[in-house]
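Since the structure of chain A is provided, determine the placement of chain B on it from the hints.
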Amino acid sequence: MTEPETEQPENEVVAETEAIEQEPAERQVRSAAEVMAIAEAIIFVSDEPITSKALAEILDEHKDTIQAAVEELQKEYEERGGGLQIREIAGGWQIATRTEYHEEVRRFLKTRPSAKLSLAALETLAVIAYKQPVTVPEILEIRGVQSASAIKTLLEKRLIVTKGHKETVGRPMQYGTSKDFLIQFGLKDLSDLPSIEDFEDLAGTAL
Amino acid sequence: MQETVEQFVFDFHKETAEIVGESKDEIKLKLGEFAGPLDLLLYLIKQEQANIFDIPIAKITDEYLRYIRLMKSLDIAMAADFLVMAATLIEIKSRMLLPRDPMAAGEEEEFEDPRKELVDQLLEYEKFKSAAQMLYERSTVEQAVFKRGQIESDENNAEINASVFDLLTVFQKIVLRHKEQVTMEIEREEISLADMIKALKKRIFDEIELNLLTFFEEMHTRRELVTAFIAVLEIVRTEHVKLVQKTTFGDIFLKKVNAPAAEPAGS
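So the sequences go chain by chain: A and B. If you're matching positions, the first sequence starts at 74 in the numbering used here and goes up one per residue. If you're matching positions, the second sequence starts at 7 in the numbering used here and goes up one per residue.
Be aware that one or more of the hints could be misleading.
[Unchecked claim] List time: in silico EDC-like cross-link candidates among lysine to aspartate or glutamate, alpha-carbon distance up to 20 Å:
1. Lys236(A) <-> Asp253(A)
2. Lys153(B) <-> Asp262(A)
3. Lys261(A) <-> Glu113(A)
4. Lys261(B) <-> Glu240(B)
5. Lys122(B) <-> Glu214(A)
6. Lys153(B) <-> Glu121(A)
7. Lys153(B) <-> Glu113(A)
8. Lys230(A) <-> Glu148(B)
9. Lys248(B) <-> Glu215(B)
10. Lys126(A) <-> Glu107(A)
11. Lys153(B) <-> Glu214(A)
12. Lys189(A) <-> Glu143(B)
13. Lys252(A) <-> Asp262(A)
14. Lys153(B) <-> Glu176(A)
15. Lys204(A) <-> Glu130(B)
16. Lys230(A) <-> Asp262(A)
Worth flagging that the hints you see were computed from the coordinates, not collected in a lab.
Extracted from the complex, chain B is given alone in its bound form:
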């Protein structure tokens, strides 16, 4: 009944990040489940039990950088967004380290906390994260509700209307189509060398100059192509026709030679 697409399942109630293994100074984490850099940042702030309005930026930045170094398995687009956040954190960190410009003090209204913008973004993001959780819960509840299975009607079960006669008609159509296909193939493959030479000769006399490339491109099957090639060789050998290449690596043309007219065909 329900479509099963989405390749990975997660549980909101589980920890978002999972510590896989811990060695000396490196923590191995399963990071695939973070929905984005903000998600990771929130997680780190929570881990530190820090106040969101007073983020210990130096510590969090270090933590954050440590985490993204572990993110080797993430795809490029995702990693890029995580790196943007890393840059933002480093920027905030450095801005907080710098002493304020004493000259500018008078003019600027208020010293703005470099973290403010980030905090606002985090708070906004958190709302939607909560909303996502609400949606998750709703869909879980919805999955516990079952609707009536489909009732057969003409609309959802049209084939019930088809009689044996209908089936036969369709079958006949298919057979016909099949036949057509087969005849077409035979037709194409049945071109003989003699026919090909004849056709080629006519083309050369009609067009005076024939681009070999276009001529070969007109062929549909490998067999035709081979026949055409042999025909070209044959015609160059037996008729007053020569191969001309105007420029190095240029296209090759078949040209009629205006030599003593052995052929009466009109030019």
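Excised from the complex, chain A in its bound form:
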């Protein structure tokens, strides 16, 4: 996971109280509300979901302090019931509009939902997401069909990345999902995906 680079690495992040003792001149003591406010401002301007760790480095606060502050902030947004939400995406935080208002937002932006992935590409992506790292023959085995063009599309869209060769006959390339995958599908991390076994019952009852 890449983090937005911070220009000055600043002094090491130590537990709050200790840091105050060690360097009283550089550290101003912030109230919890202040930490929340600064975190909010940075999450707002960040192009990508920003991790608690990156926030902690910029604010020179302990990661746990930040985590608690952002979670509190998230709750505030929730309680306020406004047009915005703070979401945890791809291991970071992001401010975004609420889904309920997408029609109005879209009307303003004059955008239409972008083209969807093909059924074949989505299936291939699902196999890669759950079986990663996975090779082309392994995908073929599950899907029963060549997935070369689907893989090409997914690579082009940066939803998947190569994960090195598998040490087996022919050393086939292995694929896995990318950070963009998490972002585009609104996932915190891979464990945020529902378990593949959950689909089993679904599959059984569908027929």
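Frame of chain A, contents of chain B only:
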């Protein structure tokens, strides 16, 4: 904001296959939307309202074959996978028709349903098909969420840093590069016949034997090539040089003739 690539859009909630037209005994279907042979097979089983654990293999095989006969528009790689499935179905069908070998009965642990492997594969595939649907729904939800537009920063908008002076410098560079190119071209084209003959003569006297092919290949432009060709004709006519072809269809060489030395040039 969002990239628009993918050429075809589909909707999960629509029917996967679409009946385009129906005549006597042929159903026309739009089949492009099946993600693979397993997808088609599942669709057929559902159409028949059959139990996946007890597939009426003969009927499904017939249906399947009927469908793939309609698949003319599919690309080869795709069609191949569909054909593999057809072969598998036919194999299962024939295995089910055959009576079991009474001699082998004792040894084999259990009679295994020839359909078992296929059923397992279908069940596994279905899970991922459902997962694909989940991803589809997630991405639809995601598309209803908007993030802040890009804020201008030095990183994402570097040209804002460029001053008029920077622009001028770049422009100058481009002009310079352009000039260089032009001079090079003129240089090349300005070779005269006389110069070419002189150069060729020197080459022949230096190398004794000159492959015409290599000589012509050294030319850069059509004009040079023509000049070189005329020079060769000219030199053969006027100098003590002859054209030699060692084998039929072989390379042609220019060779100095060791005749009464009219030319004082050192050999």
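A quick look at each hint next to the structure:
1. Lys236(A) <-> Asp253(A): Holds, because 15 Å separates the two Cα atoms, which is no more than 20 Å.
2. Lys153(B) <-> Asp262(A): 19 Å, holds
3. Lys261(A) <-> Glu113(A): 19 Å, holds
4. Lys261(B) <-> Glu240(B): Cα-Cα ~14 Å, so holds.
5. Lys122(B) <-> Glu214(A): Holds. Lys122(B) to Glu214(A) sits at ~16 Å (cutoff 20 Å).
6. Lys153(B) <-> Glu121(A): With Cα atoms ~9 Å apart, Lys153(B) and Glu121(A) stay inside 20 Å; holds.
7. Lys153(B) <-> Glu113(A): This hinted pair holds, its Cα atoms lying about 14 Å apart.
8. Lys230(A) <-> Glu148(B): 16 Å, holds
9. Lys248(B) <-> Glu215(B): 10 Å, holds
10. Lys126(A) <-> Glu107(A): 18 Å, holds
11. Lys153(B) <-> Glu214(A): Roughly 38 Å separates the two Cα atoms, so the pair is violated.
12. Lys189(A) <-> Glu143(B): 11 Å, holds
13. Lys252(A) <-> Asp262(A): Within the cut-off at roughly 9 Å; holds.
14. Lys153(B) <-> Glu176(A): Holds, at roughly 14 Å.
15. Lys204(A) <-> Glu130(B): 12 Å, holds
16. Lys230(A) <-> Asp262(A): This hinted pair holds, its Cα atoms lying about 19 Å apart.
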